[in-house]
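A.B. asks: Please build the complete structure, drawing on both the sequences and the hints.
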Amino acid sequence: MAHVLVLGGGFGGLAAAHELRRRLRSDDQVTLVASSEEFFVGFAKLWDIAGVRPLADGSRRLEGLARHGIRFVRADIAAIDPDRLVVETSAGALSADGIVIALGAGHRPEHVALLGPGAHNLYDARELPAIRAALQDLTGGRLLVSILGAPYLCPPAPYEAALLLNERLGGAAEVVVTTPQPLTLPVAGPDASRSLAERLTEQGVAVLTGRQVEAIDCEAGV
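For the sequence shown, position 143 matches number 143 in my numbering, and the numbering has no gaps at all.
Rather than coming from a laboratory, the hints here were simulated on the basis of the structure. Take the hints with a grain of salt, since some may be wrong.
Claimed, not checked - The calculated label-pair distances, taken between Cβ atoms and stated as ranges, are:
id, residue 1, residue 2, range
1, P129, D83, 41 to 51 Å
2, E63, G141, 26 to 36 Å
3, A93, E198, 48 to 58 Å
4, P182, D83, 34 to 44 Å
5, Q136, G189, 35 to 45 Å
6, R168, A93, 18 to 28 Å
7, A206, H107, 37 to 47 Å
8, D83, R61, 27 to 37 Å
9, R199, R132, 20 to 30 Å
10, E88, R142, 38 to 48 Å
11, A2, E198, 48 to 58 Å
We put the CB at the ideal spot given by N, CA and C, even for glycine.
C.D. replies: Structure, rendered in structure tokens:
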């Protein structure tokens, strides 16, 4: 009997786990390890803050993988030993005959100087209530959607967020997107980047490329 570990509970990890379960023998074991009990469709967070649909509509509990013959372990991953095929986790050491690493990209907003209560991490579902509350209180001024570094998770997300937020605010505040990259979506090429920039401008969203955020002072609002 073979045992395969899949590390990561996002799109990649789930697709890999299901494909392995389909291809392997029935007595082989597939275990998926993730730090969260739930899988979130990324754009569901944008639905939530825009008031379109609740986050729950885009989430599923990973314990449901058991119905498909996939074991789920909720744990943080501390180390991977590829030679011994052992993964050290907060739930203990897990050994396997093969390991699939699908941990995706992470985000470290704590590395931004002076990031405080007035600034929010759009990628963190735990911050959604605070974002919604801040939007309700926003009656003027400027709302900044800033990409703090590259590469980053889901390149189109900040731009989609800006469009949805601009629509929700209905002109109550100016929406501006900043990115340190020379184009809006370098991964998609110059033509797609130009089209996206034009769409944002048409909708009244300002785009500032080549702007690296060095610090955020929430008290001063800069």
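A.B. asks: Against each hint, give a clear statement of whether it holds in the structure.
C.D. replies: So, going through the hints one by one against the coordinates:
1. Checking the proposed 41 to 51 Å range against P129 and D83 shows it holds: the Cβ atoms sit about 44 Å from each other.
2. For the hinted restraint 26 to 36 Å between E63 and G141, the CB-CB distance of approximately 43 Å leaves it violated.
3. Checking the proposed 48 to 58 Å range against A93 and E198 shows it holds: the Cβ atoms sit about 53 Å from each other.
4. For P182 and D83, the Cβ-Cβ distance of about 41 Å falls inside the hinted range of 34 to 44 Å, so the restraint holds.
5. At about 38 Å, the beta-carbon gap between Q136 and G189 stays in the expected band of 35 to 45 Å.
6. At about 47 Å, the CB distance of R168 to A93 disagrees with the hint of 18 to 28 Å.
7. For the hinted restraint 37 to 47 Å between A206 and H107, the CB-CB distance of approximately 24 Å leaves it violated.
8. For the hinted restraint 27 to 37 Å between D83 and R61, the CB-CB distance of approximately 34 Å keeps it satisfied.
9. Between R199 and R132 the C-beta distance comes to about 25 Å, which sits within the given range of 20 to 30 Å.
10. The given range of 38 to 48 Å is respected by E88 and R142, whose C-beta atoms sit roughly 46 Å from each other.
11. Remark: the range hint 48 to 58 Å for A2 to E198 is upheld by a beta-carbon distance near 52 Å.
Hint check: violations occur at hints 2, 6 and 7; the rest are consistent with the structure.
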